[in-house]
Amino acid sequence: MFIAPRIADKKDWITTETGDWEIIIGLEVHAQVASESKLFSGSATDYGSAPNTQVSLVDAGMPGMLPVVNEFCIEQAVKTGFGLNAKINLFSRFDRKNYFYVDLPQGYQISQFEHPIVGEGEIEILPIDGDGNVGEPVNVGIERLHLEQDAGKSVHDLSPDETYVDLNRCGVALMEIVSKPDMRSPEEASAYVEKLRGIVRALGTCDGDMEKGNLRADVNVSVRRPGGELGTRCEIKNVNSMRFIRQAINYEARRHIDILEAGGEIDQETRLFDSVKGETRTMRSKEDAHDYRYFPDPDLLPIKLEQAFVDRIKSELPEMPDVRKARFMSDYGLPEYDARILTADKVKADFYETVISSGVGGRDPKIASNWTMVELFGALNKAGVELEDSPVSADALGGLIDRILDDTISGKIAKGVFEKMFAGEGTADEIIDRDGLKQVTDMGAIEAMVDDAIANNAAQAEKAKENPKLLGFFVGQVMKASQGKANPKAVNEILRKKLGL
Amino acid sequence: MAQPKNGVTAQDVKKIAKLSRLHVEDDRLEPIADDLNGILAWIEQLGEVDVEGVEPMTSAVDMAAPMRSDNVSDGGKREAVLQNAPKSDDGFFVVPRSVE
Amino acid sequence: MSDLTKLTLSDALDGMAKGDFSSEELTKAHIDACMDGADLNAFITTTFEDAMESAKASDARRKAGTAGKLEGAPLGVKDLFCTEGVKTTAGSKILGEFTPTYESSVTANMKADGMVMLGKLNLDEFAMGSSNETSFYGPVINPWRKGENLVPGGSSGGSASAVAADLCLGATATDTGGSIRQPASFTGTVGIKPTYGRCSRWGTVAFASSLDQAGPIAKTVKDSAILLESMAGYDPKDSTSINAEVPNWAASCGQSVKGLRIGIPKEYTIDGMPAEIQTLWDEGIEMMKAAGAEIVPISLPHTKFALPAYYVVAPAEASSNLARYDGMRYGLRVDGKDLNDTYERTRTEGFGDEVRRRIMIGTYVLSAGYYDAYYLRAQKVRTRIVEDFENAWQTCDAILTPTAPSAAFAVGRKVNDPVQMYLNDIFTVTTNLAGLPGISVPAGLDKNGLPLGLQIIGRAMDEATVFKAASALEDAAGFTAKPETWWV
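Residue numbers (my numbering), protein chains in the order written: chain A, 1 to 501; chain B, 502 to 601; chain C, 602 to 1089.
Simulated from the structure, these hints should not be mistaken for lab results. Warning: the hint list may mix true and false statements.
[Said to hold, decoys possible] Lysine-lysine pairs mimicking DSBU-like chemistry, simulated, CA-CA at most 30 Å apart:
hint, chain 1, residue 1, chain 2, residue 2
1, C, K905, A, K87
2, B, K578, A, K153
3, C, K838, A, K304
4, A, K212, B, K515
5, C, K607, A, K97
6, C, K905, C, K1048
7, B, K588, C, K838
8, A, K314, A, K415
9, B, K588, B, K578
10, A, K465, A, K415
11, A, K314, A, K348
12, C, K694, C, K1015
13, B, K515, C, K1015
14, C, K694, A, K153
15, C, K1083, C, K890
[To be verified] Not the full set, but computed from the structure, chain B residues with beta-carbon under 8 Å of chain A:
hint, residue
16, W543
17, M564
18, A566
19, V573
20, S574
21, S599
Glycine included, each C-beta is placed from N, C-alpha and C at the ideal position.
Using the sequences and the hints given, assemble the complete structure.
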């Protein structure tokens, strides 16, 4: 029996006429190991290949075929275990999970049941509500991580009364990461998955691409009166986006409450989430539950890890998101918000650090963070482009920031330059040159423009001498005359001098 | 015929047959239960062995699993994979519909 | 030239080396013998045309000076080994016309060494049986016939019968509980199951993975050593394959057993065992003593639990190993009204009674609520059996036992009593559970003139001692009897 001592924040309670309810959530996340070949065969793992072209005789379950473990996959599981602050089991074993299905050629899945490679761990998550408000940190316990084979793919729309089976995915290594039932709201659940995604991507153990299905979640949901006795749970299979996870939990919790309030009982069952209708429905009931008859796979021997192997992996671990966030705050003086957004994903964090340090380096971290997060991420988001495919490289963005910092262009002009860079028109320097955007820093020229402005607006100039707020009017006149290229700081200084301010 | 302590019933046979994807006619459930009970009764001698503190033996070789390096060394043999299929089409195995 | 089939493998290889005859002549003689012996039903598939082609190619290689260890020898292959381009049935209807696109590691080794394959030999369905009566392709008949048709033992009945009847110079076989040694005993042939992990299991249809091991059935101990040297070897495609050099086992044959300590386990004297088995065993002990070995009484206290433990472990593994035969990707498919019905029809029609029985037992002992009582307990008993042997090796170097509790019996006599049938493996199954090498050597005839074998068991990886002791026993027993060739 799971023990779930934490009571949800009151804001996460669901209040109905009969009183308050809280949701108890546990997740089983399947993360595809970023390996070249499969867990037990030498077939490729590429996404989207022609059907059955990445299938060996082992994957197809041909008579007499035998599995051999991929060492890289073992290593990635251990690495991920460290990322989850979890216990690494030096002894683990593969078991067979027996059931029949058309996409399971051997009639069993090779998994780890009794002796998983990674034991208990814990991670901290920061739930964020729909309005972007950051809640209190929550610790989520990890029950275990084990390795197992993925199944093949069934295609149902090529024939009305038959199923087409593609075994390309069959045998690809998955890490199943099982949480304790420590989450209490849909936001906590999606924050947990987001956090896991950040961890595996930082480690490079999984691509974490939910659209391609290489990170997917089974969600266990039950409800209870706050702090009360645990309810019966239902498992919702294969939910493949953060939004769907939240939707599925909301729907499922409401369904449980409705049943319980009507005096009914929850059937322990496995359910599917229909993302079109936004609801869950029965996949199989407890009566149909499988008896998987797990037993140690006699074709494989136990995995016995040397302590030195584990130590080496530990010594080579990259910086984890939480550590990196703390460093961004202390070393770069970034606010928590910036540091969190930038370190949630390794690609973002790496990009940002390249912006600061590439080329001449030493760029102002806060200015770099603004340009990265606001301008670049904003533009990418609008264009629906991934950071990996950004038309503006970290180097190029750094080059643009350099031109702001050395007063070649103003921040305002820079935004225009950025748009052109994003459109692929060239580097910051090329665009500045081509369009003649270089700031006028020639004091003589600026002075002449200031003199003109004062001469043309003599009455205003008199007033300005009394009321310095009018200075902005003259700055505007000069900038207009210079087509925005005059260095605003120089304009200001000269104006003040001329007006005797 | 000898009866094991925990004999299988006709109902058990039905369940086992279902798990094994074997069809058993209703009038065969009892005879098969008897047949299996004859074997299970004999197997139950194992109860006489003192296995206190004994590790279960899962393999006749006392080694750790050998491992292979992560290279693509197989696959790309669709013809061979599909060659013996009762039905295939367009590079897929074709099987009876697996969803309603 | 039909007397070429009377040669031992060793003599035939020598004869070809000396140029006395070609592989083509030798192969032709054996093909004729196979055709004459069709009534024995030893073969499921014959590959005579390919064999003649292979023989020609082999003769060419010999001429070119690149002869392998088995160069030009016409041999049979148990139809449990997948053979590229040749139908492989495992004696079951469920594999249908399955034709592998790959070659098992064992037969690939043998082909690389120059084997000429005559065909695929009959066996109990999925190697589950001790009489060859569970084959979908009909029972194999033992060439040793006395008035009525006798079984050749099983599951490698086709291999044993074919070698005993001189249809081939030797054959591959497999042994999960005694499937090499018991048929060897029933047919007056030699059969060795090596240490688990010696022969790769890759490409051999699995019955019970933690017990299955390939080995040869041959006419003499030395022939079995020659064959095993070719079959064995490390295979990185099998995780349970042992990475060790294959010794020159043929050289162990004929070595002196002076001072070798032969253990005699008291627990192998069982109730209801025919007196002539005990007599034969006693004679074997005397022969070993006369050859200079030291006889040591030993105890293997958990012997009686080996067979029940086996009948938990083997069916459990088999129930899972045979799940892949579901009619979806290869083999038989019997269409039903929906997917589940297709699964059930295919597997119910495709598997025979004994296989279905074992799948059900295996499913039961692994199912929720029974796993600890049956499967886990059986595995612990298995540990006890290993400990028995470990203790025995403190005082002896090899163990001498009977191979089987009886001589060959009549076809049909035990088919309806599974437990009686299972008891055939009572002396052989312990070595499968412990992973040890065991050989059966023909040592005498019973009162009906039927052959009986004795078994030598050795330490893990110590086939050399097993061959040495077996060859001494063979010399002392001087077993030369052959069945009358009634089938021609």
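**Those earlier numbered hints the structure runs against, lowest number first** = 1, 4, 5, 8, 10, 16
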